[in-house]
Amino acid sequence: MMKAIALGITLSLSGLAAAQVLGVRLGVHSTCPDGLGGCWSGPYEALSDLKDITVSPKCDYSRWMALAKTAGGRLPNMDEIDRVVTRAGQFFSVRGYEVTAKGFLLTRAGQLYLSIPTEMSPLLLVPAVQGHEWDPGKGSERPLTKEQTAAYSKLPKRRPSKPLVLTGWLRRPKGQGSLAIEVTDFRLLER
Amino acid sequence: MVFSVLERFSRRLPIVAMAALSSAGLAQTQAVAGSWTVPAPMPTHAIHAVMLPTGKVLYWDRRGDTYLYDPASQTSARSALPPFDSFCVGHVLLGDGTVFIAGGHIANSVGLNTAAIYNPFTDSWKSLPNMAYGRWYPTCTLMSNGKDVFVESGQISPSAGNALVPELWNASLGAFVPLPNAAMMPQLYPMQYLNAQGNIVSPGPLHYTWQFTPTGSGDAHKVATAIEPVLRSYGSSAMFAPGQILVGGGGTPLNTCEILNLNGVRPTWSQAAPMTYARRQHNFTLLPDGTVLATGGSSGPGFTNPSFPVYATELFNPSSGSWSNLAPSTTANQAICFRGYHSNAVLLPDATVLSTAGDDPATDPSYLSPNYQIFSPPYEFALTKPSITACPSYAPFGSTIQLTVSSSSPIQALSLVRLSAVTHSTNMTQAVAPMTFTQAGATLTATVPKSPTYTPPGYYFVFAIDQNGGVSQAAYLQIGLNSILPAALKITPASGTAPATFSWSDPNSDSSRVQVVTSQDGSTQGQKINTTASKLSIAEPSVNYVQIRALSNYGNSPYSPWLRVTPTTTALRITNPDLATSTDGIASVKSVLTDANGLPVPYAPVQASIAGATVGAAVTDAAGYAEIAFRAPTGWTGGETVSLQFPGTAVYGPSGASTPLAVSARQTSITVVGETATAGENVSMQVSFYGMPEQYPIRNQSFSLTVLLDGSPVAACQTNWQSTANAAFQVPTSASVGSHTVTVQFAGNADYQACSGTGTLTVEMARTGLRAHTHPAALGVTEPISVNLVNARTNQAIPNATVNVQVNGADAGSILTDATGLAWYYMPTSGLTPNPSSVKFTYDGSAVYASTSTTATVTFTAMDATNLTIGSQSVTAGRTATVPAHLRDSNTGLVMPGTLLSVQIGGESPSQMMTDANGQILVTVPTSSPGVVTITVSYEGDALHKPCQISGTVTAK
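Going line by line, the protein sequences match chains A and B. Residue 191 is where the first sequence ends in our numbering, and the numbering goes up by one at each step. Residue 957 is where the second sequence ends in our numbering, and the numbering goes up by one at each step.
Any given hint might turn out to be false.
Residues from chain B shown here face chain A by an in silico Cβ test under 10 angstroms; the list is partial [claimed, not checked]: (1) SER153; (2) PRO158; (3) LEU206; (4) ALA224; (5) ILE227; (6) LEU231; (7) ARG232; (8) GLY250; (9) SER299; (10) THR304; (11) PRO306.
Cut-off 30 angstroms, straight-line C-alpha distance, at most; resulting in silico cross-link-like pairs (DSSO-like, lysine-lysine) [to be verified]: (12) LYS51(A) x LYS535(B); (13) LYS222(B) x LYS69(A); (14) LYS840(B) x LYS126(B).
Treat the hints as calculated values from the structure; they're not laboratory data. Virtual Cβ for every residue (Gly too), placed ideally from N, Cα, C.
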């Protein structure tokens, strides 16, 4: 237990070679009067039961964001996480899933996609419209920064030869649509 | 057999619905279902409640105001206040009957790192050294020596989350010892119980069962998993038999229950019968017969839900493993008292249960006036009731005691129930255990439990239960460790010169550790050092003494004779001499203590003082370092000197050091909440005053603030105990519509820096209202019509405003409101048509007031004609004539009494006369010489009567 607490989880680029979804941040939400700071142990215990994701006990209480890593660099199983979090009780839910992934850009029918080896289908990239980090002082979600809102528009419009590391909020598919990422940040890599 | 009393009742008297019973069956019903009292008032909400060995209940509220409730007189009285805000602490009763509290309240979700001990026998508090972590909602668990306390969980702050590292209050060291390897992610107010191995087991609210080891650097790991995969937040628990813990409710909420058994090789869970009602924020209370009472809570969704109160009372019978329903706490003809969040239940010495408090955090805590109820369980209505007439006040573990009872029925069971310390559905001390006994007449010979594992040292209720199920009033029995004493140690040598090493051996191996006591003079005991080692090396050069004794969980050996040693000198060096802080800020002075050889002096007490007053203390770590943190109170000017003192021990000579402390005025800040108002309106804007940089309210002080509107002073205000204030002032009537800046300034003082904050006052255009007041008028008579002009938002008058008048659509001039917003229009009515006529009043508005108008309708009535009669008289010159005149309403023929008439005699000035009840006046006319004098009487009319006039004559002959 102490090793996990001391280790924490960082999203350094040193793990790029091994993992494609480099890190996940869960917007864990709490409606209990003591906020997430006083109640984090409930959803943390429930999330710790999942085998395909490792959640850090250290939570960013200023934004109510939990750090996690997925097994095999896969995308998080949002339905499973949603289900497990509610096991901790009526006060908890997940506002959103932020992923940081390494992959290549694809263009199809004028739309941008991120192709990552661990996923069967490329992920549709769309502009970010809503942030899910929490502002405990205001009791509302923090708005996106100008840079986050503009991140999508700055993506290369043609497929670059270089891979990139991209961060954004997962958007569930509607109907037969694709799983999408609302892009908030990206960085082209040298190789 | 001891705990089967209720079961026997249940078989004899089947439970029936209360409503179905006649009054004749009430006694029978109470013997099955028990009975509640109606709510009675208390001085404050008993959010924390501790049953004391003095027979009173210590309780306090969210402000930390403490009271003592006396169950005998059913009254409350104020008690000594704790040294800090004790709201949301954890607490246990120590073995000596004192109350240990740890944690506390800075603000919601922000915990203090403080601790203190309350002595119920002197009604006094003693501060303890601080913990390493702030804790808001910690749980305290007493260790088997009756002195040490395991403190777990508690929130540090919303940004830092919960304290992960538990701490052990080591009474021998007089310090909290963090247990870093026992870190885990805890719930607030976790359920905690001591097991037979001296470890702490937490059966909830988490799904996994954790075990903590409180020795060394500690340890924490999962030892079991509850059956249901749920989080039982704000559930409750009770150890209803040694090693058997009932956990129930909590979470969504749930009605399910499980039992954790600590008596096996490893803890195991089993499913228990569910309660009839789902509960959260409820209380489990142990009763003398080993049953568990469930009271209060809410059954609806949410944190605490007053819309779904649980008034039903339920009882868990371990013998049958089932729950039964008892009398509800509220019936249709009683006041409703929701026992939800912050409610408590405490077993009292008369075997009844005190049920108190309960509020909704979403509302003001005072919404429910403080009150309590008493529940009398079914055994209170048994056919017989034994009494304990004699009981020893103290007994060691494993000893045999004799009690004397008075009872018409043989005693069936003797029960020990440890006194309660409960808050937030978490009772941190209650325990129950049967005592084996034999009875010979009125004398009971009983055996005290041998082990302190599940019955730790301390004060217990002793209840006698007879064969009819009647339960006695409790006797108090303190169970202690001082009975089985370890043998005296064999120590060599008898004296030594530093470096001197003393070795000892335990001839019977019946001690757990050794205590070394130092002395300066060989008679007065100084510091006491506990160790598990078998030797101690002392290197100090100065003369000193030590004595050594063996300690065990069951008592201590006699002290050895004083052993003379030669101590060594020490040097205390402050490592951060540039010590600075601000008012209310924390200063932390760091030091290192070394001996004459430059080697660190470990585990040595260092004390910090300023101007002779102690401000903090610490124990050096293994490297000789000590850090003492203290808060700079108001009044410190910055010219203080911090003195560190190591008082010396048996092996180390004393030393000290000092350094100046720079205290600056604390930064402050002000926030002002914006407000919307109209010109002329009284407005109150909420102001919050903070100490920076933490932005905490500066409570219990009053600061004078100046309020400026657009830079001009308009008011002054004071902060209250919560560090808030109301900037109240009247918006000038000249204030323009739009945004204005309200600035609240603090001028600063010696302790707090000046600051200011601003808020926006939005002055909006005010809707206005005109009200005209009319009544039927008479044509030809000027009709007064009053008009009120008000600010429709505030209903305040608008003075000095021009109101334009139109009569039947034609301009009729304007009128001006006075200071009360009132204006009069005097409407001429001569020849006015049509009937009714309309009068329109129009206010054109101003820069801050909106325009408005109103139309009044004036209806005219016809005027009655009037008739005056007067006679003519003849008198002899020189005599006085009296001439009557009468006034009548011509339409009705009735006389008109009480009416003023104008009378003119000859060429004299007119005078006023009032008609009598007959509508008559008598005009006296003096004569002096022959001639004729004319009398003219006039009536000027009124709203309903036309004027008239008549003349008469007096002829003097």
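The hints, checked one at a time:
Hint status for SER153(B): holds, given a least beta-carbon distance of 9 angstroms to chain A, under 10 angstroms. Hint on PRO158(B) holds. Least Cβ distance to chain A is approximately 4 angstroms, under the 10 angstroms limit. The criterion of a C-beta within 10 angstroms of any C-beta in chain A is met by LEU206(B), whose closest approach is roughly 5 angstroms, and the hint holds. Nearest Cβ of chain A to the Cβ of ALA224(B): about 14 angstroms, over the 10 angstroms cut. The hint is violated.
Evaluation of the ILE227(B) hint against chain A yields a violated restraint, the C-beta minimum of about 14 angstroms exceeding 10 angstroms. At its closest, the beta carbon of LEU231(B) sits 4 angstroms from a beta carbon of chain A; the interface hint therefore holds under the 10 angstroms criterion. For ARG232(B), the suggested interface contact is upheld, since its CB lies about 9 angstroms from the closest CB of chain A, less than 10 angstroms. Against a cut-off of 10 angstroms between C-beta atoms, the interface hint on GLY250(B) holds, since the closest Cβ of chain A lies about 9 angstroms away.
Look at SER299(B): its Cβ only gets to about 13 angstroms from chain A, farther than 10 angstroms, so that hint breaks. Nearest Cβ of chain A to the Cβ of THR304(B): about 9 angstroms, under the 10 angstroms cut. The hint holds. For PRO306(B), the shortest C-beta to C-beta distance to chain A is roughly 14 angstroms, which exceeds 10 angstroms, and the interface hint is violated. A hinted pair counts as satisfied when its Cα atoms are at most 30 angstroms apart, and LYS51(A) with LYS535(B) does not qualify at roughly 51 angstroms.
For a cut-off of 30 angstroms, the pair hint linking LYS222(B) to LYS69(A) stands: about 23 angstroms separates their Cα positions. Taken as a hint, the LYS840(B) and LYS126(B) pair is broken in the structure, with Cα atoms around 78 angstroms apart against an allowance of 30 angstroms.
Taken one by one, the earlier hints fail for this structure at numbers 4, 5, 9, 11, 12 and 14, listed in ascending order.
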